[in-house]
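Colleague: These are the residues of each chain, in order.
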Amino acid sequence: MTLLDVRDVHTYYGESHILEGVSLSVEGGEVVALIGRNGVGKSTTLRTILGLTPPREGSVSFRGEDLGGLATSEVAERGIGWIPEERRIFSQLTVAENVRIAVPNDRDAEAALKNAYGTFPDLERFGDRDAGTLSGGQQQMLAIARGLAGENDLLLVDEPSEGLAPRIVAAVAEALTAAAEETTVLLVEQNLPLALDLADRFYLLDNGRVIDDGDTDQVSAEDERLRRYLSA
Amino acid sequence: MTALLAAAIASEAASLPLVPPLLLAPGIDVVGSSAFGFLPGVTLVALGSALVEFLQPVNLLDVFLNGLAKSALYIMIAVGLTLIFGLMGVLNFAHGSFTMIGAYLGGLILVLTVSGATGGLARIGLFLVGVLVVFGVLAGLGGVLEVGLIRPLYDRSPVYQILLTFGLTLVLDELVRIVVSLYGLQPISDWQNVFGTRPAFIASSLGLGPVDVPGLALFQIAFGVVTVGAVWAFLTRTRYGLIVRAGSEDPEMTEALGIDVRRVFTVVFALGAGIAGVAGVLLMWDPVWGASVPLAAETLLPAFVVVIVGGLGTFRGTVVAGVLVGMVDAAMTWWFQNAISFTGLPQITIFLILVIVLIARPQGLFGVEGVGGH
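Chains as they are written, first to last, in this note's numbering: chain A, 39 to 270; chain B, 44 to 417.
Everything labelled a hint here was simulated from the structure, so no lab data went into it. It is possible that part of the hints are untrue.
[Said to hold, decoys possible] Far from chain B, some chain A residues (derived; all Cβ distances over 10 Å):
#1 G52
#2 P92
#3 T110
#4 S111
#5 E112
#6 D144
#7 T157
#8 G201
#9 E219
#10 L234
[What the hints assert, rightly or not] So, partial list: chain A residues that the calculated Cβ filter (under 10 Å) puts toward chain B:
#11 L62
#12 R75
#13 G107
#14 A109
#15 V113
#16 R116
#17 I118
#18 W120
#19 P122
#20 I127
#21 Q130
#22 N136
#23 I139
#24 A140
[Said to hold, decoys possible] Pair by pair, the computed Cβ-Cβ distance ranges are:
#25 A:G170 - B:F277: 47 to 55 Å
#26 B:P201 - A:D244: 35 to 43 Å
#27 A:D144 - B:P405: 33 to 41 Å
#28 A:S54 - B:G183: 42 to 50 Å
#29 A:R45 - B:V269: 55 to 63 Å
#30 A:H55 - B:V269: 54 to 62 Å
#31 B:P405 - A:R247: 39 to 47 Å
#32 A:R45 - B:P201: 32 to 40 Å
#33 A:G107 - B:G179: 33 to 41 Å
#34 A:H55 - B:F277: 44 to 52 Å
#35 B:F209 - A:S97: 39 to 47 Å
These numbers were taken from a predicted model, which means no experiment stands behind them. Note that the Cβ used here is the ideal one computed from N, Cα and C, for glycine as well.
Construct all of the structure, not just a fragment, from the sequences and the given hints.
Modeller: Printed below as a string of structure tokens:
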């Protein structure tokens with residue numbers, strides 16, 4: 039069943055035409071990677087789906103419902119979670135509060151916190167500390183833990199490995215692999231081997247358009263065409 | 044030519060006091076009988092003996108208690124402003140008008156319900172009823188104004204919100220002026236009947252050891268502590284408070300977690316307006332403030348000072364700045380009442396704190412550049 043359907047979406051920042059007719063779909067249970075160079079519109083695609091930067095033309099539908107005109111909170115309420123680029127954890131809230139706020143019901147917050155600490159044991163001893171005091175890697179773990187705590191049906195994950203040490207990348211990859219068993223994931227990732235490893239299918243974006251797509255098991259990280267579009 | 048110029052400079056210099064008065068040894072009378080040309084009658088000897096007097100434990104305790112009472116008032120009038128700015132980035136110029144309306148409304152409730160036979164506890168009970176009613180009415184008014192007037196302007200420059208709330212304060216003040224005048228009250232001077240509704244212990248002084256403390260000051264301190272405690276508990280112990288703190292830091296991310304931040308804006312604006320109104324109820328019994336139309340401007344300026352000194356939009360900063368400003372105000376009031384007979388100056392010290400903080404730490408004591416938060 040098609041969970042997310044993005045049809046011929048055109049998105050602008052002011053007068054800059056960023057997405058020039060992007061179409062993609064994600065089936066329930068899949069992990070789909072959105073790959074491409076910096077600035078081709080990958081993060082904007084996620085923002086468009088969330089309604090943070092609404093499209094001027096085209097449509098986004100989730101479980102068959104058109105999301106056009108909905109506020110971002112209403113989109114999120116329908117079961118779409120976001121793990122944004124640059125983490126965007128709440129630096130003045132404690133680690134535990136960052137997880138709690140993602141859970142609509144206070145009663146479920148303790149269970150979510152337990153899950154988060156189970157996924158990232160490093161976070162547990164910092165539970166009462168302001169999140170802004172964590173290292174970059176720990177902040178990324180927290181951002182993912184917060185994203186997972188919402189128990190969404192679709193998770194939009196933006197550059198989870200960016201700027202992280204290899205040990206942290208491995209922990210992040212493991213957490214996303216585990217998450218993918220229970221939820222559908224649309225992943226933006228520049229680390230091609232990681233993206234192909236995690237995803238079932240991919241879309242290649244260039245200049246605001248999808249120029250290729252397919253199953254990840256039919257391409258490799260050494261694929262000349264992919265590498266050409268991913269190099270700066 | 045050079046010699047003539049040198050002689051002219053020497054002649055000019057001889058006519059000027061070369062040593063600043065404050066650098067002279069104590070006891071030296073500089074300009075006639077005054078050490079400060081702008082404060083007639085103040086000598087360094089007098090200042091020295093005043094300092095000895097000021098440092099007497101009784102006086103220090105007196106100033107400390109007065110400072111706490113002033114701090115409580117400053118925090119009360121500023122806390123709503125900081126909640127609103129922290130979350131919404133709206134600098135609400137109508138905040139003082141909410142306080143002024145609260146003072147009149149609270150006064151009206153007490154004047155209508157308190158008679159000569161009403162006992163002290165009953166008067167406190169009616170005061171608390173007034174607090175609840177005023178909170179409800181002002182919160183309702185704030186909510187309506189946010190939805191009807193401020194919400195359409197969120198996507199525009201902050202200048203629009205400032206102009207709107209400034210216009211709002213003019214409209215509200217004039218409306219109250221008309222209503223008050225219609226009932227035969229003088230809008231400029233304090234509403235005297237309200238002072239008559241105070242319980243006896245608030246209108247008199249209580250002996251605390253060697254110090255006579257006005258009952259009103261103790262009442263204000265207690266009320267301020269309860270308010271700060273309640274707001275702190277709201278922000279740190281409730282899910283809504285958690286949302287307010289998160290929304291203050293990153294509204295977009297908060298929205299993406301499925302939280303309707305616009306609705307939270309309305310609730311927080313209502314809450315801020317309600318607390319501003321409650322501050323007015325507290326001020327109506329204080330002869331230094333009282334219920335009058337100019338109360339709006341009189342409270343708005345110190346509220347801005349406290350909020351800016353604390354760091355725009357931080358609750359913790361507002362509490363610390365309120366205490367700082369209250370203590371300095373109390374100390375300067377003592378000095379200008381007991382050592383320097385120039386009663387207009389204590390107010391200036393409040394703004395001096397603002398100037399010093401803006402120069403030394405422009406983001407305020409607890410402010411983080413570019414980030415709100417509590």
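Colleague: State for each hint whether it applies.
Modeller: Each hint tested on the structure:
For A:G52, the requirement that its beta carbon stay farther than 10 Å from each beta carbon of chain B is met, with the minimum near 13 Å. No Cβ of chain B comes within 10 Å of the Cβ of A:P92; the nearest lies about 13 Å off, and the non-interface call holds. Not every C-beta of chain B lies more than 10 Å from that of A:T110, the closest at about 4 Å, which undercuts listing it as non-interface. Non-interface status of A:S111 relative to chain B is broken: a Cβ of that chain comes within 10 Å, the nearest being about 4 Å off.
The Cβ of A:E112 does not lie farther than 10 Å from every Cβ of chain B; its closest approach is about 8 Å, which violates its non-interface assignment. Distance check on A:D144: its Cβ comes as close as 6 Å (rounded) to a Cβ of chain B, failing to clear the 10 Å threshold; non-interface status is violated. At roughly 18 Å, the least C-beta separation between A:T157 and chain B is larger than 10 Å, which holds for a residue marked as non-interface. Every Cβ of chain B is farther than 10 Å from the Cβ of A:G201; the closest lies at roughly 19 Å, confirming the non-interface assignment.
Every CB of chain B is more than 10 Å from the CB of A:E219 (nearest about 23 Å), matching its label as outside the interface. The claim that A:L234 lies off the interface holds: its Cβ sits roughly 27 Å from the closest Cβ of chain B, which is beyond the 10 Å cut-off. Proximity of A:L62 to chain B is violated relative to the hint, the smallest CB-CB distance being about 20 Å (cut-off 10 Å). The interface hint given for A:R75 is violated, since its Cβ lies 25 Å from the closest Cβ of chain B, which is over the 10 Å cut-off.
Checking A:G107 against chain B: minimum C-beta separation of about 15 Å lies over 10 Å; hint violated. The criterion of a C-beta within 10 Å of any C-beta in chain B is met by A:A109, whose closest approach is roughly 7 Å, and the hint holds. Residue-level restraint check for A:V113 holds (minimum Cβ-Cβ distance to chain B is 8 Å; threshold 10 Å). Given hint, A:R116 at the interface with chain B, holds; its Cβ is 9 Å from that chain's nearest Cβ, closer than 10 Å.
Given hint, A:I118 at the interface with chain B, holds; its Cβ is 9 Å from that chain's nearest Cβ, closer than 10 Å. For A:W120, the suggested interface contact is upheld, since its CB lies about 5 Å from the closest CB of chain B, less than 10 Å. Checking A:P122 against chain B: minimum C-beta separation of about 7 Å stays under 10 Å; hint holds. At a threshold of 10 Å, the smallest CB-CB gap from A:I127 to chain B is about 8 Å, leaving the interface hint in force.
At about 4 Å, the closest approach between the beta carbon of A:Q130 and any beta carbon in chain B falls short of 10 Å, and the interface hint on this residue holds. Among the interface hints, the one on A:N136 holds; its C-beta lies about 8 Å from the nearest C-beta in chain B, closer than the 10 Å criterion. At its closest, the beta carbon of A:I139 sits 5 Å from a beta carbon of chain B; the interface hint therefore holds under the 10 Å criterion. For A:A140, the shortest C-beta to C-beta distance to chain B is roughly 5 Å, which falls under 10 Å, so the interface hint holds.
Checked against the given bound of 47 to 55 Å, the beta carbons of A:G170 and B:F277, roughly 22 Å apart, lie outside it. Take B:P201 and A:D244: their Cβ atoms lie about 39 Å apart, and the range 35 to 43 Å holds. Taking the beta carbon of each, A:D144 and B:P405 are about 39 Å apart, inside 33 to 41 Å as hinted. At roughly 43 Å, the beta carbons of A:S54 and B:G183 sit within the given window of 42 to 50 Å.
The supplied range of 55 to 63 Å is met by A:R45 and B:V269, whose beta-carbon atoms lie about 57 Å from each other. The beta-carbon spacing between A:H55 and B:V269, approximately 56 Å, falls within the hinted interval of 54 to 62 Å. One distance hint, 39 to 47 Å for the beta-carbon pair B:P405 and A:R247, holds here, with the actual separation near 46 Å. Taken as a hint, the range 32 to 40 Å holds for the pair A:R45 and B:P201, whose Cβ atoms sit roughly 37 Å apart.
For the pair A:G107 and B:G179, the beta carbons lie near 34 Å from each other, so the given range of 33 to 41 Å is met. Remark: the range hint 44 to 52 Å for A:H55 to B:F277 is upheld by a beta-carbon distance near 45 Å. Against the hinted window of 39 to 47 Å, the Cβ-Cβ separation of B:F209 and A:S97 comes to about 43 Å, which satisfies the hint.
In the structure shown, a violation is registered for the earlier hints numbered 3, 4, 5, 6, 11, 12, 13, 25, in ascending order.
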